[in-house]
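Here the protein sequences come in this chain order: P and H.
Position 324 (the first sequence) corresponds to 325 in this note's numbering; numbering is contiguous.
Position 59 (the second sequence) corresponds to 471 in this note's numbering; numbering is contiguous.
Calculated from the structure, these hints are not laboratory results.
Just so you know, not all the hints are guaranteed correct.
In silico BS3-like links for lysine-lysine, alpha-carbon gap of 27 angstroms or less [as the list claims (entries may be wrong)]:
hint : chain 1 : residue 1 : chain 2 : residue 2
1    : H       : K488      : P       : K310
2    : P       : K190      : P       : K57
3    : H       : K433      : P       : K215
4    : P       : K190      : H       : K456
5    : H       : K426      : P       : K220
6    : P       : K88       : P       : K220
7    : P       : K88       : H       : K433
8    : P       : K215      : P       : K57
9    : P       : K215      : P       : K80
Fair warning: this is a prediction, and the values are worked out from it, not measured in the lab.
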Amino acid sequence: MKTKNANIYLAALIIWFLIYWFLEPGVNFFVCNILGLDKTSHITETIRFFIYEVPKVLLLLVLIVFAVGIIRSYFSPEKTRKLLEGKSLFTGNVMAGLLGTVTPFCSCSAIPLFLGFIEAGVPLGVTFSFLISAPMVNEVALVLLFGLLGWQTALLYLITGLIIAIFSGYIIGKLKLERYVEDWVYQIKAQNNNLEEAKINFDDRINFGLQAVKDIVSKVWIYIVIGIGVGAGIHGYVPQNFMAGLMGKSAWWSVPAAVLIGVPMYSNAAGIIPIVQALLEKGASLGTVLAFMMSVIGLSLPETIILKKVLKLPLIIAFVSITAFGIILVGFLFNLIY
Amino acid sequence: MVIKILGTGCARCKNLEQKVKEVVGSNNISAEIEKVTEIADIMKYGIMMTPGLVINEVVKSSGTIPSDEQILQWLKEN
């Protein structure tokens, strides 16, 4: 790969690593020696948590979003659609789930994407696997989970999210709900635009990555700051094990309750995960928290309302309840294991 | 020349519209800019990501906001 500014990128990467490396000792030094705060007090812990976690998560976000942006430049909805056309049910669902994680997607494009898939003959169930995985398993969620809860939890989220997307789509496909798609959808005849794949070189891909960083970071940074702020407050002030009774393992109903609360809530991963981390620390159990997170990020009321334009009510209900059921199952499973 | 901006009203669609207007205005290009917001009409162009940019009924881009230079070049070609 030849790029014009290879040296600049390399330098930026080295600077990134240096900052990341020295962030924790730097913050500790700043809090204890420069601000001269008492190490053992709650307020110190809260402040330290905040001024360490915010830059750390933002640093991770910039790097990962950049890398994912470059990966995404190799994918497009058109290519994904071509890969999924005429695939058999199960194989198609697995591929759709995986492709959902890397294909560029924004919720405002959910409808054109849905229509484009259906129109090209991608089966309904396969399309749904894509539509569930694309928003739920996204790089912002994974970065925050990795940064705040460690790679194990991030991996767990990735795998369970994929499984839910694959199986929910599979079940929707098996139920043969095609008649509940609005009739006009099957009548669309799109012109075949030969939007030529512009030849792009590696510099363009890097620009694609930088653009992704600009778009995403400018959108989510405020949620991260607020989320970590609230998290820091909980971290420092809410008593240990406060959440155990409410969201702990012993309260079996907490999983479905978390999903019921989570579905209508509209937030993005950036705002919800720092709070979730704090709850975990105060005795909430992993399964419950995972279920809550997935239902907030993966199923959202506004998005479902948008889908009303192309889907009839029974299909929307089937989609939401099957996905919610899958999330609840995952929640129970993890409460059982851990 | 007829330029169409395809989009249901997301932030990026407005962004693209603004940009096209600027490029058209600052280069004294005579063009009619039209917004297509009805999803069924958008789908006729076969795009899967909004915003879409259509010049004289030919889809030029979808899902991205092209650079000013790129837009200008397309406009000059028509």
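Right, here's what the structure says about each hint:
no.: 1; hint: H:K488 to P:K310; result: violated, 37 angstroms
no.: 2; hint: P:K190 to P:K57; result: violated, 48 angstroms
no.: 3; hint: H:K433 to P:K215; result: holds, 23 angstroms
no.: 4; hint: P:K190 to H:K456; result: holds, 6 angstroms
no.: 5; hint: H:K426 to P:K220; result: holds, 16 angstroms
no.: 6; hint: P:K88 to P:K220; result: violated, 36 angstroms
no.: 7; hint: P:K88 to H:K433; result: violated, 42 angstroms
no.: 8; hint: P:K215 to P:K57; result: holds, 17 angstroms
no.: 9; hint: P:K215 to P:K80; result: holds, 25 angstroms
Hint violations for this structure: numbers 1, 2, 6 and 7, all remaining hints satisfied.
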